[in-house]
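The sequence shown begins at 1 in the working numbering and counts up one residue at a time.
Since the hints were made in silico from the structure, they are not lab data. Since this is a predicted model, take the numbers as computed values, not measurements. Watch out, some of these pointers could steer you wrong.
Claimed, not checked - Straight-line alpha carbon distances no greater than 35 Å define the calculated DSBU-like cross-link-like pairs of lysine-lysine that follow:
| id | residue 1 | residue 2 |
| --- | --- | --- |
| 1 | Lys-14 | Lys-62 |
| 2 | Lys-126 | Lys-62 |
| 3 | Lys-126 | Lys-14 |
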Amino acid sequence: MEPIGVVRSPYTEKFGIPRQPGLAPSVRARVELDPRRVQPEALRGLSACSHVWLLTLLHAAKPTGHATVRPPRLGGNIRLGALATRSPFRPNPIGLSAVALVELAELALVVAGADLLDGTPVLDIKPYVPYCDAIADARCDWARAPAPALTVTFSPAAARSLADDPARDVLRAAIVESLRWDPRPAYRRDDPGPFAARMCDVDVRFQVRGDVVVVEALDRGPTPGEREGSW
Numbered sequence: 001m002e003p004i005g006v007v008r009s010p011y012t013e014k015f016g017i018p019r020q021p022g023l024a025p026s027v028r029a030r031v032e033l034d035p036r037r038v039q040p041e042a043l044r045g046l047s048a049c050s051h052v053w054l055l056t057l058l059h060a061a062k063p064t065g066h067a068t069v070r071p072p073r074l075g076g077n078i079r080l081g082a083l084a085t086r087s088p089f090r091p092n093p094i095g096l097s098a099v100a101l102v103e104l105a106e107l108a109l110v111v112a113g114a115d116l117l118d119g120t121p122v123l124d125i126k127p128y129v130p131y132c133d134a135i136a137d138a139r140c141d142w143a144r145a146p147a148p149a150l151t152v153t154f155s156p157a158a159a160r161s162l163a164d165d166p167a168r169d170v171l172r173a174a175i176v177e178s179l180r181w182d183p184r185p186a187y188r189r190d191d192p193g194p195f196a197a198r199m200c201d202v203d204v205r206f207q208v209r210g211d212v213v214v215v216e217a218l219d220r221g222p223t224p225g226e227r228e229g230s231w
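Input sequences plus hints: build the corresponding full structure.
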């Protein structure tokens, strides 16, 4: 099995990526298909679908060899079996994301709501079929509803930087829709920061004060190495 393409995403670091697909519905990603593996005819009819499944290789997930994980949703204090969760740390690091299909080109898909790191290899694409994929009475008792969303605000300095950015609408959507789900690791939920997450080639520096995320600064400097807040 070999990848058939790659994801080009505004998320170039794992820290800050929404933990599930669809939580940042305005954020766009591009799936670029390999012409050596995929012919344009393979996409015939996909434009009739509003959503697709992306099966991916979670290439940045470090193998742990552990049978259990600590889901952030449960505060990081309770262990569940890796196969009972959607953790990237699993025997085969395969990702499954339902995303909105925004645009279809000859060998590329523009999708919305992807929870994927830039450079993620794509193994397969399948149509989302509502009559059989949407199960009305399905349940997952430990994750019955979305986690409470935080409020995202901008300091005066960050607001000025955002206003001056030529892609301010795209950048603002990525920041607000990603940070509102509190990207901090579960074991640092009491730590106000500062933290930094890189989105759309911008270092977003922020603190968390209660149920409010305050974006303090936006920096378009070069990609940093290891730094506070990354994992």
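Each hint, compared with the structure:
no.: 1; hint: Lys-14 x Lys-62; result: 12 Å, holds
no.: 2; hint: Lys-126 x Lys-62; result: 26 Å, holds
no.: 3; hint: Lys-126 x Lys-14; result: 25 Å, holds
In this structure, every one of the numbered hints holds.
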